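As they're listed, the protein sequences go chains A and B. Mapping of the first sequence onto full-length UniProt numbering: position 527 corresponds to residue 527, and the numbering continues sequentially without gaps. Mapping of the second sequence onto full-length UniProt numbering: position 191 corresponds to residue 191, and the numbering continues sequentially without gaps.
In case anyone wonders, no lab produced these hints; they're calculated from the structure. Incorrect hints may appear among the rest.
Heads up, the list lumps identical chains together, so a pair's fine if it works in one copy or across two of them.
In silico DSSO-like pairs for lysine-lysine, Cα to Cα no more than 27 angstroms straight-line [what the hints assert, rightly or not]:
{"#": "1", "residue 1": "Lys428", "residue 2": "Lys473"}
{"#": "2", "residue 1": "Lys473", "residue 2": "Lys56"}
{"#": "3", "residue 1": "Lys261", "residue 2": "Lys158"}
{"#": "4", "residue 1": "Lys371", "residue 2": "Lys473"}
Source: prediction; values computed, not measured.
Number of protein chains: 2
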Amino acid sequence: MLEDNRIVVYDTTLRDGSQGEGLSFSVEDKLNLAKKLDEMLGLAYIEAGWPGSNPKDEEFFARAAAGELQLKNAKLSAFGSTRRANVLPEEDTNLRLLIAAKTPVITIFGKTWDLHVIRALGTTLEENLNMISDSVAYLKKAGREVVYDAEHFFDGYKANPDYALETLRQAHAAGADWIVLCDTNGGLLTEEVPGIISRVKETIPNARLGIHVHNDGDLACANTLTAVRNGAEQVQGTINGYGERCGNVSLCSVLPNLELKMGYQCLPEGNLKNLTEISRYVAEVANLSHNNQLPFVGRSAFAHKGGVHVDAVMKDRRTYEHIVPESVGNSQRVLISELSGQSNVLHKAYQLGLQMHKGDAEVKEVIEQIKQLENRGFHFENAEASIELIMWRTQPGYIAPFELRDMLVLSERRASSNEGLLSEATVKLQVAGNMLHTVADGNGPVNALDAALRKALVVYYPQLDAVRLTDYKVRVVNEDGTASGIRVTITSSDGHEIWQTVGSSTNVIEASWFALADSLEYALVYHLFKQNQPEASALQTV
Amino acid sequence: MLEDNRIVVYDTTLRDGSQGEGLSFSVEDKLNLAKKLDEMLGLAYIEAGWPGSNPKDEEFFARAAAGELQLKNAKLSAFGSTRRANVLPEEDTNLRLLIAAKTPVITIFGKTWDLHVIRALGTTLEENLNMISDSVAYLKKAGREVVYDAEHFFDGYKANPDYALETLRQAHAAGADWIVLCDTNGGLLTEEVPGIISRVKETIPNARLGIHVHNDGDLACANTLTAVRNGAEQVQGTINGYGERCGNVSLCSVLPNLELKMGYQCLPEGNLKNLTEISRYVAEVANLSHNNQLPFVGRSAFAHKGGVHVDAVMKDRRTYEHIVPESVGNSQRVLISELSGQSNVLHKAYQLGLQMHKGDAEVKEVIEQIKQLENRGFHFENAEASIELIMWRTQPGYIAPFELRDMLVLSERRASSNEGLLSEATVKLQVAGNMLHTVADGNGPVNALDAALRKALVVYYPQLDAVRLTDYKVRVVNEDGTASGIRVTITSSDGHEIWQTVGSSTNVIEASWFALADSLEYALVYHLFKQNQPEASALQTV
Numbered sequence: 001m002l003e004d005n006r007i008v009v010y011d012t013t014l015r016d017g018s019q020g021e022g023l024s025f026s027v028e029d030k031l032n033l034a035k036k037l038d039e040m041l042g043l044a045y046i047e048a049g050w051p052g053s054n055p056k057d058e059e060f061f062a063r064a065a066a067g068e069l070q071l072k073n074a075k076l077s078a079f080g081s082t083r084r085a086n087v088l089p090e091e092d093t094n095l096r097l098l099i100a101a102k103t104p105v106i107t108i109f110g111k112t113w114d115l116h117v118i119r120a121l122g123t124t125l126e127e128n129l130n131m132i133s134d135s136v137a138y139l140k141k142a143g144r145e146v147v148y149d150a151e152h153f154f155d156g157y158k159a160n161p162d163y164a165l166e167t168l169r170q171a172h173a174a175g176a177d178w179i180v181l182c183d184t185n186g187g188l189l190t191e192e193v194p195g196i197i198s199r200v201k202e203t204i205p206n207a208r209l210g211i212h213v214h215n216d217g218d219l220a221c222a223n224t225l226t227a228v229r230n231g232a233e234q235v236q237g238t239i240n241g242y243g244e245r246c247g248n249v250s251l252c253s254v255l256p257n258l259e260l261k262m263g264y265q266c267l268p269e270g271n272l273k274n275l276t277e278i279s280r281y282v283a284e285v286a287n288l289s290h291n292n293q294l295p296f297v298g299r300s301a302f303a304h305k306g307g308v309h310v311d312a313v314m315k316d317r318r319t320y321e322h323i324v325p326e327s328v329g330n331s332q333r334v335l336i337s338e339l340s341g342q343s344n345v346l347h348k349a350y351q352l353g354l355q356m357h358k359g360d361a362e363v364k365e366v367i368e369q370i371k372q373l374e375n376r377g378f379h380f381e382n383a384e385a386s387i388e389l390i391m392w393r394t395q396p397g398y399i400a401p402f403e404l405r406d407m408l409v410l411s412e413r414r415a416s417s418n419e420g421l422l423s424e425a426t427v428k429l430q431v432a433g434n435m436l437h438t439v440a441d442g443n444g445p446v447n448a449l450d451a452a453l454r455k456a457l458v459v460y461y462p463q464l465d466a467v468r469l470t471d472y473k474v475r476v477v478n479e480d481g482t483a484s485g486i487r488v489t490i491t492s493s494d495g496h497e498i499w500q501t502v503g504s505s506t507n508v509i510e511a512s513w514f515a516l517a518d519s520l521e522y523a524l525v526y527h528l529f530k531q532n533q534p535e536a537s538a539l540q541t542v
Numbered sequence: 001m002l003e004d005n006r007i008v009v010y011d012t013t014l015r016d017g018s019q020g021e022g023l024s025f026s027v028e029d030k031l032n033l034a035k036k037l038d039e040m041l042g043l044a045y046i047e048a049g050w051p052g053s054n055p056k057d058e059e060f061f062a063r064a065a066a067g068e069l070q071l072k073n074a075k076l077s078a079f080g081s082t083r084r085a086n087v088l089p090e091e092d093t094n095l096r097l098l099i100a101a102k103t104p105v106i107t108i109f110g111k112t113w114d115l116h117v118i119r120a121l122g123t124t125l126e127e128n129l130n131m132i133s134d135s136v137a138y139l140k141k142a143g144r145e146v147v148y149d150a151e152h153f154f155d156g157y158k159a160n161p162d163y164a165l166e167t168l169r170q171a172h173a174a175g176a177d178w179i180v181l182c183d184t185n186g187g188l189l190t191e192e193v194p195g196i197i198s199r200v201k202e203t204i205p206n207a208r209l210g211i212h213v214h215n216d217g218d219l220a221c222a223n224t225l226t227a228v229r230n231g232a233e234q235v236q237g238t239i240n241g242y243g244e245r246c247g248n249v250s251l252c253s254v255l256p257n258l259e260l261k262m263g264y265q266c267l268p269e270g271n272l273k274n275l276t277e278i279s280r281y282v283a284e285v286a287n288l289s290h291n292n293q294l295p296f297v298g299r300s301a302f303a304h305k306g307g308v309h310v311d312a313v314m315k316d317r318r319t320y321e322h323i324v325p326e327s328v329g330n331s332q333r334v335l336i337s338e339l340s341g342q343s344n345v346l347h348k349a350y351q352l353g354l355q356m357h358k359g360d361a362e363v364k365e366v367i368e369q370i371k372q373l374e375n376r377g378f379h380f381e382n383a384e385a386s387i388e389l390i391m392w393r394t395q396p397g398y399i400a401p402f403e404l405r406d407m408l409v410l411s412e413r414r415a416s417s418n419e420g421l422l423s424e425a426t427v428k429l430q431v432a433g434n435m436l437h438t439v440a441d442g443n444g445p446v447n448a449l450d451a452a453l454r455k456a457l458v459v460y461y462p463q464l465d466a467v468r469l470t471d472y473k474v475r476v477v478n479e480d481g482t483a484s485g486i487r488v489t490i491t492s493s494d495g496h497e498i499w500q501t502v503g504s505s506t507n508v509i510e511a512s513w514f515a516l517a518d519s520l521e522y523a524l525v526y527h528l529f530k531q532n533q534p535e536a537s538a539l540q541t542v
């Protein structure tokens, strides 16, 4: 048994998480992700694939076993199902592939719900019990730690409690090291959890229990925490809540609640502060936008917009922050806008490590610029990189890495041609004392402009090769239709950092140009400025 | 008192929701959203703004009071704070603006947490009690229904329970119709809810309680449901969980849990099935991607990826679906049945007064076209004029009022000139047998294109003079940045009718052209077709 306050963390991002719509990891991705999860979080188990379901996962386990994956903290687990009906375990391909994966841990799921046994599996309730018992015993005999996932446990219990509990008793009696209660369909209500778990504990009092839930009812986090309070020692989940349908429970929500609020220990001391970084890293590898609103780790999780909130937070962070953001590696963001005064700018300057003080000419200049640009339709709340550039540009010795002279963008469609609409852009740029003149075409005028700019810049700044525009948004600022002010917000990434820039103009091309130019300038200079920043620990005293 | 199983729904998408990062609604947006929320959900209260905090909200309430907003079900509420310290209620600007908003309901928040009273407000605990009591009494005297939001109630209770409860007692004694317990910082644990609410009920046993929570701990939905189980009769939340930081609780999660699983009634019978549509509509207006993973209403919520799941679901939907997706207006994503497609189109045809019947070639053609266009990134949920055009075009005798042949759009900026960026468009159009070739400049390429088109068309169709583009929105459809599919949605008006059209392409100019052309075509033909339509009263029986 573990100490009372220790919770074992079981990550299934690479297996159940990868079932999410739009997710697909290569073998290389999985090897990298497993290493990162192990190093940064140091969690107990990493479930990395289902060797019986696809050859990619077989390859993963073969390469891991061959020494490509050395884990310091976590045990690797291979996932599969109990044997098929009416087959001996040693003759079951799926079980054989699990053994062949050579992981210290094997996780198998079995059917709990009579509806599934009869309708989906097409076998008898009796044979299903044998399948569970045989399969667990077989894997234990092979010397593996066995995690038994009771699929649809809660639905099964509600439909036929005696049968559902009997499946658990079989798995436990056959030697399973863990009995994991799964809410596979994700529809469980939090209020149902304590009663059901207490029946499980009466039935198999010596079993170590785990919890595995999905978020279809928007209750995954609450259900997991409630299960822990009622005796579950292992929590299964995924980074960012990736997974089939509405996703698995997010470890990024479960872990900070358990550690910071409920007094449990889940990760080795000090690792919780890597949570935000791992969350963004996994999103990057998955090629999905990182959801700003994610609790604890989202970009907006500690962002303050209203003036009243900003004022209060600067007096005392607790007034509008439920935890210290740095404890999960996130940080406070004061959203700067026209309405914000000197104190917002000074706060930002402090975060950036810039020497600015109340009443300085630079501070007034920054506020004045923001005011003028917001009058022209800029909106900086969602474009911190543009704000940082404005602040850096006031610093002595700052030299812009390039300057635009001329541009010409055209889009053409002819009924006489089959080419559809063609876009082409010409730019003339001053870079490091040289005048560059380039042309490129693209899918649309902004894409062509981007291509022409990079064609010139990449010669001097090869690091721009890694920079990608990940999102592009356009809005009309006032309401007179196409002749109105237009605001463009661009999100960019170089694989490590994500930043947003803004441009506004009556002309969408010009607005795009402003945002694009800021994005590339930021990519070229942010490294220099990051060096000045104070330690997170210093920020906590603010 | 309400019947036992009735829950009152209070929507604050337009106020607290709009505090979310990246959200900004125009007055026009808010008027449209309020109408939709009222019609489609029929909820009890719509909190639409904070007249004391910005002039845009003042304008909203002025236009609503002047008759621009007629609500059938909901009561409109204006939001604000208790009076300032040491000021009479009648001299407090904020309270005066609340009265001036002329809404039947006024919601004010007051401070519960001693930390806030002293640190943020800088007044005494005693004066804060007076501020609450005076303000509620003043608004009640003015004849309004008063909702009292106890800001930071749960944190305040944990810090100083007696004082927190005393603030509620003051609000209740002064006549507040509702006492709403707010978890403003969103850090509340679900397990803390029952004990705290039971203390509240001991303190003010006759008060009607509401619950207002944020999602910073990923527990907003569970906390709301638990509060209802423990006696809260009103739930406050936003569509899609928009709101400051990690957002407010999502009504899209709370309502189906309460109605489908817990036996409560929240909306008029039959309205829950509009939930998915309103969820996507609000995202469209906010110009935010609709999150696929959203419980109940997300595109992925009932999408089955794994082969085992698909197979089981086709045998019995309950095997991997926690509710019937249609009960919230969502659908399973395994098979898109030709039948459901047909009936949707037939329903729309009936609304338009078109003669279409099951199995007609026109019906199949419409479905086929929609399918193809949606594959190319079109999205018709917020562009009914484009859908109507597709249907009309299948009708015998329909003649398009114009046809585009060629276009050339260019944007140019020269460092040697002071002109800024210039945009110019050339179009060649076929109109009523004649070829027209026009050129115009504009503020940006789309505006230039619009100007060139009108220059040609207005000669034949002078009524286009009255048509204005009132909004223009651009969205990246997938997520590879500026080279991705781009969807343009245009809102137009001729002073009587307002309509929306959509275009999609990899090229923003082409996407704009599609939406623009539909907009002008709709302007020219809708009069003809309106004549065929059945009376609104007949439509209600459909």
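Do the hints match the structure? See the list:
1. Lys428 / Lys473: Result: close within a single copy only, 25 angstroms intra versus 30 angstroms inter.
2. Lys473 / Lys56: Intra 20 angstroms, inter 23 angstroms, cutoff 27 angstroms: intra and inter.
3. Lys261 / Lys158: Intra 31 angstroms, inter 13 angstroms, cutoff 27 angstroms: inter-copy only.
4. Lys371 / Lys473: both (22 angstroms within a copy, 25 angstroms between copies)
The structure shown violates none of the earlier numbered hints.
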